[in-house]
Structures are given as structure tokens and as C-alpha cells.
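Peer 1: Below, each chain spelled out in residue letters.
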Amino acid sequence: DAGVTQSPTHLIKTRGQQVTLRCSPKSGHDTVSWYQQALGQGPQFIFQYYEEEERQRGNFPDRFSGHQFPNYSSELNVNALWLGDSALYLCASSFRSGGSGYTFGSGTRLTVV
Amino acid sequence: GESVGLHLPTLSVQEGDNSIINCAYSNSASDYFIWYKQESGKGPQFIIDIRSNMDKRQGQRVTVLLNKTVKHLSLQIAATQPGDSAVYFCAERTDSGGGADGLTFGKGTHLIIQP
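From first to last, the protein sequence lines stand for chains F and H.
Note that this note's numbering has the first sequence beginning at 1, numbered continuously upward.
Note that this note's numbering has the second sequence beginning at 1, numbered continuously upward.
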């Protein structure tokens, strides 16, 4: 039973570019959340998707957007990249009605140069 | 500022000793708390959780204590092993009533096991 899978594992982008990160949730999970983890810090909540809609959003600008597909997989898009966007981007999946049991992927390491 | 914080950035313990990692939270409306372990290059791994209507919960070699009066959470690891070396995060969930449940994490404590 596959857990949460994220792609790519590493990515280098230039300032001002756009990036798309992908996440496939754990089998049986229907909710996907995205987190940004800067070096030496705890993960910060970006947003959560359920039933293909953004349900909750953290303190992140509109440059950060997302999408959830009918198969529950999700994408995180970041436009106009800043150097400060360099971080580990984590995807976590869960089952909505359960309210717990979050499973994290290994993340995508984004470096903006 | 952060809703959830940790008291110590680094904790060094001898192999075989018990470890206690502490966490302070500020949102009294939080109803669910989780401890995660994160090893280098990996995502957070679930250790143990506790709901706000409980004071204590035990797992295999781990115990979580919740003191709602002082908004304090702790993780106790018994007989610490080399494989326990990692960064430990506490996280809280605040149910906004809309069903969404993003987690708020603290900065983390790096647990170092000395032989």
C-alpha cells in the first residue's frame, strides 16, 4: 500500500519562474494539505484541498495556488518565485471524516537561485 | 508569532536513558495534538497523538502528556535508542468549525543520542 508520493524530489528554479509540485495521497485518503518547511523550521500550513476545493488557507500570498483532481491527487503551483520560497514542500493526506491520521510524503526540495 | 513552540532546540541524552521533549501551545481552542519525528531528508513521521479530552496517552516506548491548564504538551521516550535521533515536532489542530484541519507546528527539538 503506497503512502504519500511527491514529485519531483528535488528542483532548482530561477527567481521569477513558476513551479508545479505534485502529490498523490495515500490509498483511501481524500484530503490533501500542503506545507512549506524552511531549513531549521517546522512545517507551515499553506492550504488544504477536499472535494477539489480549497477548504482552508494559511498565511501565504496568492502566488501560491493549488488544485485537486477527481482521483484526489493534488498540485501546488507557485508563481513569480522568490529566493525566500526555497524550502522543502510537504504534502500530507488524510481521510476527511476521520479528522486525524495525517500521512506525510518525503517532500520536494525546491531551490530558487 | 507561532501558535505552537518548543522549549529547547537541542536535547542530548545517553543511550538507554529516558528522553522528555516539551512543547508549549497558545491556542486553548486546539482539540488535537500530534507528535512527529522527522529524520534528515524525510517527511514527518507520526509518533503519537492525543485529543484535548485526555491527559495522557501511551504507545510503544512513548507517552504523551497534555496539561491544558498551562497549555503544555510533552513527549516521553523510554530507553532511548540510536534510531531515535531525529528532530521532533509537536503540532496542534484547531477545529474552525468548517471541517478544515490544517496543523500548526512548532520549530522542533533535535534529539541527539550519545553512546
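Heads up, a few of these hints could be off.
Said to hold, decoys possible - Quick list of simulated restraints, FRET-style, between CB atoms: (1) F:L83 / H:P115: 37 to 43 Å; (2) H:E39 / F:D30: 35 to 41 Å; (3) H:P9 / F:E52: 36 to 42 Å; (4) F:Q18 / H:E15: 44 to 50 Å; (5) H:T69 / F:L83: 19 to 25 Å; (6) F:R109 / H:M54: 44 to 50 Å; (7) F:R57 / H:A29: 16 to 22 Å.
Derived from the structure by calculation, the hints contain no laboratory data.
Idealized CB from N, CA, C, for every residue including glycine.
Peer 1: I want to verify a distance hint. Is the separation of the beta carbons of T69 of chain H and L83 of chain F within 19 to 25 Å?
Peer 2: The hint (19 to 25 Å, Cβ to Cβ) is violated, given that T69 of chain H and L83 of chain F are roughly 43 Å apart.
Peer 1: Is 35 to 41 Å a correct range for the gap between the Cβ atoms of E39 of chain H and D30 of chain F?
Peer 2: Once the Cβ atoms are compared, 28 Å apart, the range 35 to 41 Å for D30 of chain F and E39 of chain H is violated.
Peer 1: CB of Q18 of chain F to CB of E15 of chain H, is that within 44 to 50 Å?
Peer 2: For Q18 of chain F and E15 of chain H the Cβ distance comes to about 47 Å; the hint holds.
Peer 1: For R57 of chain F and A29 of chain H, compare the CB-CB distance with the range 16 to 22 Å and indicate the outcome.
Peer 2: With a Cβ separation near 18 Å, R57 of chain F and A29 of chain H satisfy 16 to 22 Å, so the hint holds.
Peer 1: Within 44 to 50 Å or not, the Cβ separation of R109 of chain F and M54 of chain H?
Peer 2: Once the Cβ atoms are compared, 36 Å apart, the range 44 to 50 Å for M54 of chain H and R109 of chain F is violated.
Peer 1: How does the Cβ-Cβ distance of L83 of chain F and P115 of chain H compare with 37 to 43 Å: does it lie in that range?
Peer 2: 40 Å, holds
Peer 1: Please check whether P9 of chain H and E52 of chain F have a Cβ separation lying inside 36 to 42 Å.
Peer 2: 40 Å, holds
Hints 2, 5 and 6 from the list above are not met by this structure, while the remaining hints are.
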